[in-house]
Structures are given as structure tokens and as C-alpha cells.
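Knowing the structure of chain A, use the given hints to seat chain B with the ligand on it.
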Amino acid sequence: MKIIVLIKQVPEMERVKFDTTRGVINRKSAGVEINPFDLNALEAALQIKEEFAAEVIALSMGPTRAEGVIKEAIARGADDGILLTDRKFSGADTRATAYLLASAIDKIGNVDLVIAGEMTVDGDTAQVGPQTAEYLGLAHIAYVTKLEEITEDYLTVVAPTWDGNYSKKINYPGLITVTKDLNTPRLPLLKRKLEVREAEVEKWGIADFETELDPQDVGLKGSCTRVRKIEVPSPVEREGKMWTGDQLREAITEVAQICQEKDRMGE
Amino acid sequence: MTEKEYNGIFVFAEQRGGEIHHVSYELLNKAEELAAELNCPIFAALLGPTGIKAEELIYRGANKVYYLEDQAFGQPDELFYKENLVDLIDELKPEIILVGATNFGRSLAPRVAAALDTGLTADCTELRVDQAGKLLQIRPAFSENILAQIETVTYPQMATVRYKEFVERKRDGTLEGEIIKKRPTKVQDQSVEILELLEQQEINIAEAEVVVAGGKGIKKAAGFELLQRLATELGGVIGASRDIIDVGYLSKEYQIGYSGYRIAPKIYIACGISGAPQHVAGIKEADKIIAINTDPSAPIFEVADYGIVGDLYQVIPRLIEEVEEDERRDN
Ligand SMILES: Cc1cc2nc3c(=O)[nH]c(=O)nc-3n(C[C@H](O)[C@H](O)[C@H](O)COP(=O)(O)OP(=O)(O)OC[C@H]3O[C@@H](n4cnc5c(N)ncnc54)[C@H](O)[C@@H]3O)c2cc1C
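Sequence lines, in order, name chains A and B. Heads up: the first sequence runs through residues 13 to 279, numbered per my numbering. Heads up: the second sequence runs through residues 234 to 564, numbered per my numbering.
Chain A on its own, in the form it takes in the complex (with noise of 0.2 Å):
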């Protein structure tokens, strides 16, 4: 059994500090990491490693510095990694970075089943693991919260749609992205990290996929979308009154009748 994980690299969010004069990210104020998601992705293609002799492969696209992610994944217990690096892949938009790694994908061949997190912290749109689903013609699953039943043949899992949470089945091959509920990541062994710490990590350019890529579909020659513009938004105006302390007593009374006033209007 074969299983992508698909990864990336992005800057940590929940440092990253932001310059809002130029609407652009502090790119000294915080380091770069695996998409927290994508860790879960990785520790549910290695519980399935466990139970089946599965080899597990990460698969990321970006700049050369991204092959950072592909060693913290092997460090993590994936079996091998690839980048997928180029100049000619920068300026992708989803599309065009889902198109590429399905064609990454076709390229490795024999691929059961393809495992990618919800959504990435920086892009936030959702998109590429069904993108990339559509591409290699496989069913997929989103927002799998929960790995049921783990066979050789099919998976079943839990995930929320509609307004409830369903039990689904997907036979291979097949693609699932996943959300944070589904598992608590393992630590990256220290062997293996000093193992990989020199390692060579295999990267893949444009040349290396010949008739399986139009160079027209990679890159921001092959994305749908533009920037056009960045704007900066304006801060909502709000009330904005406080009470500390002492003031308590009013606090109370004022946010009280608020909260009744409101209250009527919905009636």
C-alpha cells in the first residue's frame, strides 16, 4: 500500500507579525513550519503504516528552503519525501498548485490513498485537497475528523457535512483531507532527525516530469486567479467604552439593559 501526505511549508501564524502600512508579512518576525494540519495528515497515513505494511511519502511543492518540511517528515516517521521545486512553479494559485501535484502523484504511481490537512494557516482556502482529488480523478473525503475502520481495500471515517456528522466509506484509491480533531501528532524521533539532518532530499523540476507536464498548467502560467490589489482593511468603528473597578455597579446596569434592549428588537 502507497500513501501521499501532502505537505507545506508556511510561516508560523500565530507569531508572524504583520506590517499593515505595506500589507505584508514580517517574514523575520517568525520562523517557518509544517502546516499544523498537515502533521495530522502525516500521523494518519503513519496509524495506518502501523496496521498494513504501507510506505508513506510526503509530498510538498515550494522554494528549495521548503526541503526542511520533507526532513521533518521523514524525521516523523514518513518513509521518503519529495519537493516539488522550480521556478517555474512559483505564483501558483490553488489550481495550478493542485494540478501539479496531482501530476507529481500520477508520476509516483500506484498511490492508495492521498492524505492532505483541511486547509493550510496561510492560504486558508480549503481548496487544493479537492483540487487535487478532481485532478487524479479520485472520490475524496473532507474534514475527516475521525478514522473508524482501517482496511487494505477501503477506509471508513467520520466527518462533519450538512448538519451532522456522517459516517463515510471511501474505497482506494482515494484522497481525505483532515482536521485537527483527528489525532494528536507524534515528535519527530532524534535519531532519524540526525539521520535526515544531511540527507539528500529528492527534488523534482519542471525537466524531471517531461510528457506528464505542460509547463502552460504549472506555476502563475497555469493559475486561474490574479492579485490585483492589496488592500489594508479599515478598522470598524465601535463604541468603544470601558469600565474598570470600581465602576462595576454600572457596568452592570448599562450592559444589562443592552443586552435587554437588543433583546426585544429580535421579538
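I should point out that these hints are in silico values taken from the structure, not numbers from a laboratory. Incorrect hints may appear among the rest.
To be verified - With a straight-line cut-off of 30 Å between C-alpha atoms, the simulated BS3-like cross-links for lysine-lysine are:
| no. | chain 1 | residue 1 | chain 2 | residue 2 |
| --- | --- | --- | --- | --- |
| 1 | A | 253 | B | 453 |
| 2 | B | 397 | B | 485 |
| 3 | A | 29 | B | 521 |
| 4 | B | 419 | A | 29 |
| 5 | B | 297 | B | 403 |
| 6 | A | 181 | A | 119 |
| 7 | B | 517 | A | 29 |
| 8 | B | 485 | A | 158 |
| 9 | B | 419 | A | 181 |
Unchecked claim - To spell it out: a stretch of chain A is covered by chain B in this simulated footprint if at least three of its residues, at any positions, have a beta carbon under 8 Å from a beta carbon of chain B; those stretches are:
| no. | stretch |
| --- | --- |
| 10 | 41–47 |
| 11 | 103–109 |
| 12 | 145–156 |
| 13 | 169–182 |
| 14 | 231–238 |
On a predicted model such as this, the values are computed, not experimentally measured, just so you know. Yeah, the Cβ is synthetic: ideal placement off N, Cα and C, and Gly gets one too.
The following block gives chain B with the ligand in isolation, referenced to the frame of chain A:
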């Protein structure tokens, strides 16, 4: 194909158990605005079991409703929906496609976009038409720190919009339109099987008029009983910051924010919530924001209409008393 061959705005009308989801009416409202600029028709696509009141979509501004009837649409099967939607889109060739960014819509729309080889912009907070008639899609990025203006260079131009982002098109029973009933063009396959609905969602926080939310400042799960008392008193529901969901005090359907629900209540009361940008992203549409926090420098006070600096365990019981008192006086 040139853009001229594409005409009309196509709204995916999501239904659940035969009930049309209100995000569809919000999309129709925006569609009406855009259609006025573009001078084009509005199509609604309703895929569902028989017996849905499709005319409701006409009363909310759709000119033509394409109602694909099949019991199998009673199951949230993205692949089956996608195949049939793509056939309908190929037939109609709309210039714009709008889908509600519900968990189903967010999973379905990317498949449709990829199948059509066109672009898709997620979670738009505003949609406009420029002078050339192109759709400008505005979406927040980097935890809402910036707004990106995005255009699609291919057709159709596709966007998803979160529930409660736009206001609903008011119902007008005098509006006329056409309902075109169809059978699905594709059959359901077995690559994904929907086995069963395990449990229904307990609450729908996005629709509540009053939300009393707790954050890490609450320190113990039992604290939510206190918040629940205030919420009940005000006819509302409780909610929480992400950290509360992470520690397991409440389930995910209570999470407010960027990776939880966006809410638009009349009153939002944040108790022991610091006001991180990812949390604030979910409460921007609230009419009145009230914050209770021990730390006067907590960022939540910057976005609140009313702030009480104090311990929630002292403030809330008194607030409950006061509200009860007021009610007794009124009756
Ligand atoms: C990609 C991403 C997505 C995220 N999505 C979300 C999301 O959807 N929703 C969300 O909420 N967060 C989200 N977060 C997390 C967010 O950044 C914050 O970490 C989180 O909102 C903090 O939760 P909190 O305010 O409850 O806790 P804290 O930041 O720890 O704040 C606790 C507050 O309680 C106050 N306090 C302590 N004791 C008391 C008391 N007795 N009475 C009154 N006040 C007290 C403290 O002064 C403090 O201000 C996301 C983060 C990332 C990176």
C-alpha cells in the same frame, strides 16, 4: 471560447433534508446586485430529492431555477453533485458561479472548479463588477490582516462566500420566474459511500441572536454552566474560542472564529477571551460586542463596544441577577 459566450450568474442553492439553506438567499442577494450591473439573468441550481419548494428561490430573486430531482441528492456526495453540476454549467455557460462556503460547499466547489479548469476564490467578503465587467473578488488573507482583490482570468469566474457574510434577499412572493425540472445526467458511483448520519449538530451558533462565549480565562469546564445561565437568560447560546475546543471543554460546533463559525448575533459577549485576530475574524458582523476580561490591555477591548475590566466569575453572576431583576420589573 470567448467571454461573450458566458452569460448569467449561477447560484448553487444548497439544500439539506429538503430545506434550502439560507446562505443561498444571501448569495441571491449579491447575485441580484451583480446582475443589475451586468444586465444578465440569475440561475439557481437546486439538486435535491423531490418535494422541495423550489419557488422559494424565485421569490428570492432567481430568474430560472434548475431543479435536478433525485433521492440520491439527499446524501452529501460531492462527486455525484459535481458530475451533475458540471453538466448543467456546460449547458448554461454562466459567467459567474457562487457557492456558499459551508463545509459541503467548500468541499464541492473546488472539485467543480478543477473539472471546469477554472479559478476559484474562497471565502469572499465582497464581490463587485469592474468597468470591464469582470468579477472582483475580495477576500481576507493572512488572518484577516489584509484584503486581497482577486480576479479570475478564466471563465466561469467562481467564488465561495461564507454563511452570514451577506444579508439575505428579502422574500417577495410576487416575483416570477421559471422552474425547470430535470433528472440527473450522471449516476452515483460507489467510490464514496455515505453510510449513516451519526448525530445531528446540537446547535447552530451562526444563527443565534445572542452568543455568550468563553475563552481560556474560564479555566474550568464548569465555568460554561455559568455562561449557559446568562445565555439562557438572554435567549441565546454559548460559544467559545479555539483553545476551549482544543482542551475538549466543548465540541467544534461551538468554535467561533476564522477556523470555526462566523457569527452575526445582535449581542456577542466575550468572557475571558483575549481577542486574537483569528477569533475576532468570526465576530466582526456582531451588532454589539461586550467584553469581560481581567486584563485592561487585552486586544478584545479594542474591538468591543463595551468593555468590563474584571473577573468573569464576579461579573457574570451579577449580570445574570441584574437581567433577572430587569425582567421582573418589566413584567
Ligand atoms: C490558523 C489559526 C486559526 C485559528 N482559528 C481560531 C478560531 O477560529 N477561533 C479562535 O478563537 N482562535 C483561533 N485561533 C487561535 C487564536 O490565535 C488564539 O490563540 C485564541 O483565540 C486564544 O484563545 P483565548 O482568547 O481563549 O485564550 P487566551 O489568548 O489565552 O486569552 C485568555 C484571556 O482570558 C483573560 N482572563 C483570564 N482569567 C480571567 C478571568 N477570571 N476573568 C476574565 N478574564 C480572564 C486573560 O486576560 C486573557 O486575555 C487560530 C489560530 C491560528 C494560527
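We went through each hint and held it up to the structure:
1. A C-alpha spacing of about 29 Å is found between residue 253 of chain A and residue 453 of chain B, which places the hinted pair at or below 30 Å, so the restraint holds.
2. Distance check on the hinted pair: residue 397 of chain B and residue 485 of chain B sit about 18 Å apart at the alpha-carbon level, within 30 Å; holds.
3. Taking the CA atoms of residue 29 of chain A and residue 521 of chain B, the gap is near 28 Å; set against the 30 Å cutoff, the hint holds.
4. For a cut-off of 30 Å, the pair hint linking residue 419 of chain B to residue 29 of chain A is broken: about 49 Å separates their Cα positions.
5. As the CA atoms of residue 297 of chain B and residue 403 of chain B are separated by approximately 17 Å, the hinted pair is consistent with the 30 Å bound.
6. Our distance criterion of 30 Å between C-alpha atoms is met by residue 181 of chain A and residue 119 of chain A, whose separation comes to about 26 Å.
7. About 21 Å separates the Cα atoms of residue 517 of chain B and residue 29 of chain A, which keeps this hinted pair within 30 Å; it holds.
8. Restraint check for residue 485 of chain B and residue 158 of chain A: the C-alpha separation of about 13 Å stays at or below 30 Å, so the hint holds.
9. A C-alpha spacing of about 21 Å is found between residue 419 of chain B and residue 181 of chain A, which places the hinted pair at or below 30 Å, so the restraint holds.
10. Beta-carbon proximity to chain B at under 8 Å applies to 0 residues in the stretch 41–47 of chain A; the threshold of 3 is not reached and the given coverage is violated.
11. Restraint check on the stretch 103–109 of chain A versus chain B: 3 residues with Cβ-Cβ distances below 8 Å, three needed, restraint holds.
12. Counting residues of the stretch 145–156 of chain A whose beta carbon lies closer than 8 Å to any beta carbon of chain B gives 9, which meets the minimum of three for the stated coverage.
13. Requiring three or more residues with a Cβ within less than 8 Å of a Cβ of chain B, the coverage given for the stretch 169–182 of chain A holds, as 12 such residues are present.
14. Here the stretch 231–238 of chain A counts 4 residues with a CB under 8 Å from a CB of chain B, which clears the bar of 3, and the coverage holds.
When each numbered hint is compared with the structure, violations occur for hints 4 and 10.
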